[in-house]
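Working from the sequences, and respecting the hints, build out all of it.
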Amino acid sequence: MTQRPIYMGPPDDGGHFGSFGGRFVPEALMPACLELDDAFRDAWRDPAFVSEYRETLHEFGGRPTPITYLGRLSQHLGIEIYAKREDLAHTGSHKINNVVGQALLTKRMGKRRVIAETGAGQHGVATATAAARLGLDCTVYMGEVDTVRQALNVFRMELLGATVVPVTSGSRTLKDAVNEALREWVTCVDDTHYCIGSVMGPHPFPWMVREFQSIIGTEAAQQLRERGVGTPDFVVACVGGGSNAAGVFAGFANSDAALVGVEAAGGSAVGLGSPGVLHGMRSLLLQDDSGQIEEASSISAGLDYPGIGPEHAHLAELGRARYVRAGDDVVIAALQLLSELEGIIPALESAHAVAWLCAVAGTEVPLGSTVLLNLSGRGDKDVAQVRSILRGES
Amino acid sequence: MTQRPIYMGPPDDGGHFGSFGGRFVPEALMPACLELDDAFRDAWRDPAFVSEYRETLHEFGGRPTPITYLGRLSQHLGIEIYAKREDLAHTGSHKINNVVGQALLTKRMGKRRVIAETGAGQHGVATATAAARLGLDCTVYMGEVDTVRQALNVFRMELLGATVVPVTSGSRTLKDAVNEALREWVTCVDDTHYCIGSVMGPHPFPWMVREFQSIIGTEAAQQLRERGVGTPDFVVACVGGGSNAAGVFAGFANSDAALVGVEAAGGSAVGLGSPGVLHGMRSLLLQDDSGQIEEASSISAGLDYPGIGPEHAHLAELGRARYVRAGDDVVIAALQLLSELEGIIPALESAHAVAWLCAVAGTEVPLGSTVLLNLSGRGDKDVAQVRSILRGES
Amino acid sequence: MTSLDRRLRELRGSRRALVPYFVGGLTKDWSQYVHGAILAGADAVEVGVPFSDPMMDGPVIQEGALRALRAGATLESICHEVASSAFDAPIVIMTYYNVLHHFGLARAAELLATSGISGVIVPDLALEESDAWRDVATPLDVATVLMVAPSTPLARVRRIGAASQGFVYAAARMAVTGRASDVGDAERVVSAIRSTTDLATYVGIGITTPEQARDAAQFSDGVIVGSAIVQQILNGADTTAIEAQIASFRRALD
Amino acid sequence: MTSLDRRLRELRGSRRALVPYFVGGLTKDWSQYVHGAILAGADAVEVGVPFSDPMMDGPVIQEGALRALRAGATLESICHEVASSAFDAPIVIMTYYNVLHHFGLARAAELLATSGISGVIVPDLALEESDAWRDVATPLDVATVLMVAPSTPLARVRRIGAASQGFVYAAARMAVTGRASDVGDAERVVSAIRSTTDLATYVGIGITTPEQARDAAQFSDGVIVGSAIVQQILNGADTTAIEAQIASFRRALD
Ligand SMILES: Cc1ncc(COP(=O)(O)O)c(C=O)c1O
Ligand SMILES: Cc1ncc(COP(=O)(O)O)c(C=O)c1O
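Going down the list, the sequences are from chains A, E, V and P.
For the first sequence, the numbering used here begins at 16 and goes up steadily by one.
For the second sequence, the numbering used here begins at 16 and goes up steadily by one.
For the third sequence, the numbering used here begins at 166 and goes up steadily by one.
For the fourth sequence, the numbering used here begins at 166 and goes up steadily by one.
Heads up, a few of these hints could be off.
As the list claims (entries may be wrong) - Okay, derived cross-link-like pairs now, SDA-like style, lysine to any residue, Cα gap no bigger than 20 Å in a straight line:
id : chain 1 : residue 1 : chain 2 : residue 2
1  : E       : K122      : A       : K126
2  : E       : K126      : A       : R87
3  : E       : K126      : E       : R56
4  : A       : K126      : P       : M339
Claimed, not checked - Stretch-level coverage of chain A by chain P, calculated; a stretch enters the list once three of its residues show a Cβ under 8 Å from a Cβ in chain P:
id : stretch
5  : 27-40
6  : 128-137
7  : 179-190
8  : 292-304
Stated by the list, open to error - Pair by pair, the computed Cβ-Cβ distance ranges are:
id : chain 1 : residue 1 : chain 2 : residue 2 : range
9  : E       : S270      : V       : D296      : 33 to 39 Å
10 : E       : P25       : A       : D152      : 48 to 54 Å
11 : A       : T233      : P       : R272      : 40 to 46 Å
12 : P       : R180      : A       : L333      : 52 to 58 Å
13 : V       : G237      : E       : G286      : 23 to 29 Å
14 : E       : Q90       : A       : E309      : 57 to 63 Å
15 : V       : D296      : E       : G286      : 26 to 32 Å
16 : P       : S250      : A       : D57       : 51 to 57 Å
17 : V       : R324      : E       : S289      : 27 to 33 Å
FYI, nobody ran anything at the bench for these hints, they're computed from the structure.
None of these values were measured; they are calculated from a predicted model.
The C-beta atom is built at its ideal place from N, Cα and C for all residues, glycine as well.
Next up, the structure:
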């Protein structure tokens, strides 16, 4: 009898998931990464820390988020869809799960400040939120292009007491914001924690962020059990860096559920990328013939990242999870459909998962299948953009 | 021994709370109001309906919302503040509690359509949301001025499948939207329910909406009990029409808690109004020497209503609740303070309650008092406006 | 029984009643329109006292009310004009309850009575809420006209019929004031009213043309014509034009 | 022990080493700058192979890399230029790991070796991840220079010192490449390194002026000068000007 492998366990000591992951950072940052690894391992074993983390997400973050049966969409598609409602979490997405964990860890490490990168601003707002709540200083690095496109999110962070630094290097977008945050971290690693926004970066970040996000999957599995739904046939989530997907997958990695990550067609690191090293990790990346990193492009800022978390690269390699793609046009249609049928305007990111379901219900996802759909965030941040797109203004 | 009076019981058969309330509508609408009264009484007694209402708010609406202890603000003000987090409810405010109840009731009455008025769009979006979820048609009346000021909320309602009708009569704002919705209701009362957005309008609306919102107070009382806080010294909520205040007050009406409603200085129906009849009810209204209704004015669209729910007028008269005011400037400062200290950007409406607390902590609210603060909604809808105000642009 | 009851009962023997509606204070010379209307054959006149939030009125009368308010019209100014005009037909005030409520019910009834006004129509004053007002108005011989709508169930029609004074206002349709192309549900509404009371029953809401007035007159005691007239005045029609319009309604009814 | 180790050990006996940094492919004639630098007294030269996401570089070298990339610079084009230039001093490539990784580690090591390149500095290739690369580079006599930072604990300095080849790069401060006004923590870092290895130890990160170079030379085996030079080239300095700049550093060191 062959033993079934265990999926989504911890990485090896060097932070590897198979051949992916690791720690590719300047020596100046290695001690901090090692310290963080120790600190996280220690904290995550400490019932007091875990319960403070859970309690903060409960009292402040609005957890548990509900599971909503999407009756009208289910009927429309001929499959049974349950949505995990991360859109109802404080600040409007799953990002809060991670930042609360890291902010608490920052205090535990005796640091007084966090820095973060942000693309559209979701992770920046979430980080500024957790920092405000816990009394930490906060600086957010944001591509200059994004600070203009997302001026309101800049203001939101400022309201929350954070300093937003426009990044003028490279393409002036998310990946450059990560570079700049890493550069800045070198200079202040003593008293500052870098609160990375997805399951990416050098070890222990991909693992740690997955652990902080796994509350999504743990809750969902229990909620589905309590409802008598049991293990769904499919667990579907959008994938930018991959934190919401990793979080929900974690609850089902060792079940019979098929795991599906939906990338933006223009940011599909699994679909179109190749192995490479960026931002401290070995993973799948969009890159040109010379190994220069290419810019991702998607209507959804949160999926506009040329890489993917290393654990996803590993799950793809193992075949435990599949990674598929959705293009901008079907994503808009999916956002409209969910809004109209269910009264939930999803984030453009989350609409990717809906779009894929719409495309394959009855084929790859057989009629009658049970699906857990991770609704990673709410669409309020996106309505202005969707409006101009539908009006042909952009 | 004198019997203590019971507060916030049902109104009399004609819908009166003392001398306020009643049913001042055209005869064409009276049968609908009577039918609704019966239907609501019947439904609210029916455990199946009540549990569907609760279950929908749980599964879809994100209830129960948490109580968050605001540690840093408490320390700052020297009082103990617990926030009821209606900002975490689906669509971003307490409005969902009411619309879910009314939409379910609409189906129960065999009607296929809802209409609603909206000012800034919060109640319109909430109504469109509940209608989408339950498969009801939805038309929302919105002052033309507001459709321009809040174009994104118009688009949101449209995404949710609702039709938004700009109202060009009168001052083209909220009160005219109510008039227009009432006029429209006359023409379609057969198959259409008017889903009113606050504890206002003709009986049974003020009572029914209060009952649907009382879930706030019931939950909060239980949550505070479970935390060992018990009865707070003060329960504070902002007041536009008064639905979030009525909802939270309902949980404490017969306790020792002091109840405080905070009106916008420019929309203070209790502070500056006099008894009158508008929109189907007798209540306190802002009116001129000839009994013409005056426009309210506040930075916060949701408090921009020249009246107040009749039950509040009654509670004020009885002295069971106090109604105080907060001006635009202190409200902005309060919004900033809460954001910075607690990582919660409140709606401008809700910031009125915070502003009052800031003003009176240590005086009217003695140091060490325990306060339940109803955070009726999140501020995402307001950040663009706050930004221009702080930049001196408006 | 108020004087208005008696007057309109008498009229019933002779002809179908024509009751045009004018917005008090809409123009400086608004009372001239009323005089002209009476000359042209109006049997009674409804005079609107404008209110900021006229929830039973469509766009035409809303606009009229708005202009009158801007021109400074008030309950008092309109009553004084009525008092000094000595019109040759009964005047019925149409307004919203807050106007009376804010003035003070007793004081308002007194003002109407001393101004020679015969009655009031208060569309947002439901039967159930009307006692306080009728308690002060009836003793002063100010009639309170109540309305029956197509949606009113028969048991309720009976109570309204019993309580109404002067006449019963039969709403022709489920709509607010405005123009329409037919008499809607008027016949059904009128017959329900007639089965419960012998008060005069007038049809209003949407009566726009003399033809509709003639149709309504087949089964009722008269018609109320509002938006069709106010629209002409808003368009700038002079008293002669309005007299001609009223005259054409008169001819259709006779 | 690689050839670079031997060469730099020898140098140690005679003078403090001067290692200027140039961005490969930044200008068409970039190799002329390298020639000039060697003429002016450079003991070895760092040649940067540009990467889109240079996380260890400040604005100056970022800008240089960006321009070089736009001009079409690649690992291959730069190696070919080095191969055909036959420089009179050891060339050490500085690049990011993805450039080698994407080219293929064995293939990259082969290319460097056949181009006559003596070593590499890969700032994002941490000691723990460097085995795969060193396994292919060392046999081809391509040295892998490792870095010690002010934050590196002593036990770790020891391991890095033991693994580094050619020299040990002592980061003068907790910062990315750029200009600074002093030698920062360099003395402490160098002394930690020296307590664990007898490899040559060069100070870099922020060495901007000949004075700083002289200070650093007091306690180390040499200096690496990057942004200060690249800034001049970005400003349009010609080879003569750069030679003069190098010469002034040379004088400070001797
Ligand atoms: C709502 C939402 N979903 C998904 C993502 C993508 O991130 P991840 O793949 O890490 O979940 C983002 C990123 O901003 C987001 O805001
Ligand atoms: C967040 C929020 N709070 C309060 C209000 C005021 O309404 P009410 O007084 O009925 O609670 C509104 C109305 O839009 C609102 O959006």
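Hint numbers contradicted by this structure: 1, 6, 14
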